[in-house]
Amino acid sequence: MNIVVCVKQVPDPETPPSSFKIDSVANRVMPAAGVPPVISPFDEHAVEAALRIKDAKGAKVTVISMGKDLVMDVVKKPLSMGADELILLQDEAFEGGDSFTTAYALSMAIKKTGQYDLILCGRQAADWDVGQVGLGIAELLGIPSVAPVKKVEALDGRVKVERVVPDGYEVIEVPMPAVVTISNELGEPRYATMKGIMAAARKKPTVWTSQDIGAEASKIGKAGSRIKLLKLFIPVREVKCVMAEGESIEEAAADLALKMRAAKII
Amino acid sequence: MAEYKGVLICGEVADGKLAAISQELLYAGRQLANALGVELSAALVGSGVNGLSREMVALGADKVYVVDDPLLKDYQGDSYVPVLEKLCQKVMPEIVLVGQTSMGRDLAPRLAFRLGTVAAMDCVLLGIDPQSKLLIQTRPVYGGSALATFVTESARPQMATVRVKAMSQAERDDSRKGEVIPFAAGLQASDLRAKVVNKVKEEVAGVKLEDAKVIVSGGRGVGGSESFSYLNDLAKVLGAAVGASRPPCDSGWVPSSVQVGLTGKIVTPDLYIAVAISGSSQHLAGCSGSKCIVAINKDPEANIFKVAQFGLVGDYRKVLPAFAQKCKELMSG
Numbered sequence: 001m002n003i004v005v006c007v008k009q010v011p012d013p014e015t016p017p018s019s020f021k022i023d024s025v026a027n028r029v030m031p032a033a034g035v036p037p038v039i040s041p042f043d044e045h046a047v048e049a050a051l052r053i054k055d056a057k058g059a060k061v062t063v064i065s066m067g068k069d070l071v072m073d074v075v076k077k078p079l080s081m082g083a084d085e086l087i088l089l090q091d092e093a094f095e096g097g098d099s100f101t102t103a104y105a106l107s108m109a110i111k112k113t114g115q116y117d118l119i120l121c122g123r124q125a126a127d128w129d130v131g132q133v134g135l136g137i138a139e140l141l142g143i144p145s146v147a148p149v150k151k152v153e154a155l156d157g158r159v160k161v162e163r164v165v166p167d168g169y170e171v172i173e174v175p176m177p178a179v180v181t182i183s184n185e186l187g188e189p190r191y192a193t194m195k196g197i198m199a200a201a202r203k204k205p206t207v208w209t210s211q212d213i214g215a216e217a218s219k220i221g222k223a224g225s226r227i228k229l230l231k232l233f234i235p236v237r238e239v240k241c242v243m244a245e246g247e248s249i250e251e252a253a254a255d256l257a258l259k260m261r262a263a264k265i266i
Numbered sequence: 267m268a269e270y271k272g273v274l275i276c277g278e279v280a281d282g283k284l285a286a287i288s289q290e291l292l293y294a295g296r297q298l299a300n301a302l303g304v305e306l307s308a309a310l311v312g313s314g315v316n317g318l319s320r321e322m323v324a325l326g327a328d329k330v331y332v333v334d335d336p337l338l339k340d341y342q343g344d345s346y347v348p349v350l351e352k353l354c355q356k357v358m359p360e361i362v363l364v365g366q367t368s369m370g371r372d373l374a375p376r377l378a379f380r381l382g383t384v385a386a387m388d389c390v391l392l393g394i395d396p397q398s399k400l401l402i403q404t405r406p407v408y409g410g411s412a413l414a415t416f417v418t419e420s421a422r423p424q425m426a427t428v429r430v431k432a433m434s435q436a437e438r439d440d441s442r443k444g445e446v447i448p449f450a451a452g453l454q455a456s457d458l459r460a461k462v463v464n465k466v467k468e469e470v471a472g473v474k475l476e477d478a479k480v481i482v483s484g485g486r487g488v489g490g491s492e493s494f495s496y497l498n499d500l501a502k503v504l505g506a507a508v509g510a511s512r513p514p515c516d517s518g519w520v521p522s523s524v525q526v527g528l529t530g531k532i533v534t535p536d537l538y539i540a541v542a543i544s545g546s547s548q549h550l551a552g553c554s555g556s557k558c559i560v561a562i563n564k565d566p567e568a569n570i571f572k573v574a575q576f577g578l579v580g581d582y583r584k585v586l587p588a589f590a591q592k593c594k595e596l597m598s599g
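Protein chains in written order, with this note's numbering: chain A, 1 to 266; chain B, 267 to 599.
Just so you know, the hints here were simulated from the structure itself, not pulled from any lab data.
Please note that a few of the clues may not be correct.
Rough simulated footprint, nothing fancy, chain B against chain A, three-plus residues with beta-carbon under 8 Å [said to hold, decoys possible]:
id: 1; region: 92-105
id: 2; region: 114-127
id: 3; region: 183-190
id: 4; region: 196-209
id: 5; region: 227-238
In silico BS3-like links for lysine-lysine, alpha-carbon gap of 30 Å or less [claimed, not checked]:
id: 6; chain 1: B; residue 1: LYS339; chain 2: B; residue 2: LYS283
id: 7; chain 1: B; residue 1: LYS461; chain 2: A; residue 2: LYS259
id: 8; chain 1: B; residue 1: LYS531; chain 2: B; residue 2: LYS339
id: 9; chain 1: A; residue 1: LYS150; chain 2: B; residue 2: LYS584
id: 10; chain 1: B; residue 1: LYS474; chain 2: B; residue 2: LYS584
id: 11; chain 1: A; residue 1: LYS264; chain 2: B; residue 2: LYS584
id: 12; chain 1: A; residue 1: LYS111; chain 2: B; residue 2: LYS352
id: 13; chain 1: B; residue 1: LYS479; chain 2: A; residue 2: LYS264
id: 14; chain 1: B; residue 1: LYS465; chain 2: A; residue 2: LYS57
id: 15; chain 1: A; residue 1: LYS259; chain 2: B; residue 2: LYS479
id: 16; chain 1: A; residue 1: LYS219; chain 2: A; residue 2: LYS231
id: 17; chain 1: B; residue 1: LYS572; chain 2: A; residue 2: LYS259
id: 18; chain 1: A; residue 1: LYS264; chain 2: B; residue 2: LYS531
id: 19; chain 1: B; residue 1: LYS557; chain 2: A; residue 2: LYS151
id: 20; chain 1: A; residue 1: LYS21; chain 2: B; residue 2: LYS557
id: 21; chain 1: B; residue 1: LYS339; chain 2: A; residue 2: LYS150
id: 22; chain 1: B; residue 1: LYS564; chain 2: B; residue 2: LYS479
id: 23; chain 1: A; residue 1: LYS160; chain 2: B; residue 2: LYS465
id: 24; chain 1: A; residue 1: LYS54; chain 2: B; residue 2: LYS465
id: 25; chain 1: B; residue 1: LYS474; chain 2: A; residue 2: LYS150
id: 26; chain 1: A; residue 1: LYS219; chain 2: B; residue 2: LYS271
Heads up, the beta-carbon is just placed ideally off N, CA and C, and yes, glycines get one too.
Input sequences plus hints: build the corresponding full structure.
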């Protein structure tokens, strides 16, 4: 069984809000000093989902990542967790794209890997929070998809998944090949072991350009983008917090209730 | 692009009634249609939904396309995407709006790609640019730390999903006139590749989070499943629902169905009491629409105090019992 996991390098979403800065001329987020990027957390959950299938049934797990300024230690993390192969899509022609161009490039790369049974993606990336690429890949490959999912199990020729819905979950069976997007309810991804880190250090990622994957120039990067960013800005929140006070914590708690009563909140 | 005209909203039905998001989409769609001077159409898709078409007219739709088919009973991408694709090809709307719901999150990306466009997901603000007449799509990004404004210049339709509770609800006017048009689904059972084999409810007893006027919510700092009893006790006094940020759900202290945040539930209660919640952007995305936020946290530097109207720095284990006691006194007095 061949599993492809698509992962994206993003600025660490745990960066404190006070360090979050925007370059309003270039319309982009400025990297916070001293905070290294990470694999988008939902994508790491997708790697974990793939590895659980590998543990249970055996599978080859190929990770594909597209982006610029990739930090090797970061994008190699799935390898150190136990993935088998890493493919990087790197080409200036990919830059300035949107969800469509990203899904298109990834779908072309997935086709080039040859035989694929299951494609796993995070439910959305922690930078632009769109959640369109995974489903878009399914659409471009003409295969079924389920999103977002908290459990994946490989059966004979199909996968059984638990799709997260507002009041619980749905158990769904879908024939392979299929795309499944993974949500945090899957549970914590495993840590990389020392052995895994050493094995990953020895592995060299495969690098593909737009030509390698046979991508049409009109469907990638800026040329292929269907949506255009006009403005990126930090919303202003003007709230003054009234702090409750007292000699003891219990008095402060009572003061809080009194202040809320005075404001007719309770 | 001249052939693309009008606004189409994709309605949702829940428990045999129009879901709240349908009314929000009709409100947003009506505003856009008025700004452009075009018709507002609504898609009403499901099984046994025909009876709701007049209500959609009363809520502002000029035309309601009813696609009523047993195969559309539950949302499935395999059935809903081709139906809406066909409908969009017939109606040729310049704008399509879908809810950012369980259904819309799945439907909008596939439908957009199939139509040769792209969706702006989770918009909180929509408008028409007076010059270009393009749809201005504003959506939170980076977990809600920033907002981004987009336009879809040449791809059509311009497609957006709309965040739950971000728009007002359309007002019902039963004297409104509109046209109800049946539309054949043209589906076969074999079109459904994904099969739902079971549905598991994880509903929590008591007040539903989405409907609650008061919510007491706990974060990582609560420390464990049992400690949520402090929150439950306060919730009882206030008649509140109990929610949580992501860490307690990921750690299994509470079911994930009570998660408030970007990927959980979006709530807009009158009062939101955040207990031992640091206030990450992705959590605030789910509760910042609350009328009043009260923060209780040990860390005076916690981000949650930046969005709270009232705050208390201290250990919630000491604060909550005393606070609940005082509330009880005040509320009975």
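Hint check:
1. 92-105: holds (count 4)
2. 114-127: holds (count 4)
3. 183-190: Since three or more residues must qualify, the claim that chain B covers the region 183-190 of chain A holds, with 5 doing so at under 8 Å.
4. 196-209: violated (count 0)
5. 227-238: holds (count 10)
6. B/LYS339 x B/LYS283: holds (13 Å)
7. B/LYS461 x A/LYS259: Measuring from Cα to Cα gives roughly 54 Å; hence the hint is violated.
8. B/LYS531 x B/LYS339: holds (24 Å)
9. A/LYS150 x B/LYS584: The given pair, whose Cα atoms are some 36 Å apart, is violated under the 30 Å limit.
10. B/LYS474 x B/LYS584: Holds, because 27 Å separates the two Cα atoms, which is no more than 30 Å.
11. A/LYS264 x B/LYS584: Status holds; Cα separation ~24 Å.
12. A/LYS111 x B/LYS352: holds (28 Å)
13. B/LYS479 x A/LYS264: holds (14 Å)
14. B/LYS465 x A/LYS57: Measuring from Cα to Cα gives roughly 26 Å; hence the hint holds.
15. A/LYS259 x B/LYS479: Within the cut-off at roughly 19 Å; holds.
16. A/LYS219 x A/LYS231: With Cα atoms ~23 Å apart, A/LYS219 and A/LYS231 stay inside 30 Å; holds.
17. B/LYS572 x A/LYS259: holds (18 Å)
18. A/LYS264 x B/LYS531: holds (26 Å)
19. B/LYS557 x A/LYS151: Roughly 36 Å separates the two Cα atoms, so the pair is violated.
20. A/LYS21 x B/LYS557: holds (27 Å)
21. B/LYS339 x A/LYS150: holds (24 Å)
22. B/LYS564 x B/LYS479: holds (26 Å)
23. A/LYS160 x B/LYS465: Holds - the C-alpha atoms of B/LYS465 and A/LYS160 are around 13 Å apart, at most 30 Å.
24. A/LYS54 x B/LYS465: Between A/LYS54 and B/LYS465 the Cα gap is close to 27 Å, so the pair holds against 30 Å.
25. B/LYS474 x A/LYS150: Roughly 22 Å separates the two Cα atoms, so the pair holds.
26. A/LYS219 x B/LYS271: holds (26 Å)
This entry does not satisfy hints 4, 7, 9 and 19, going by the numbered hints stated previously.
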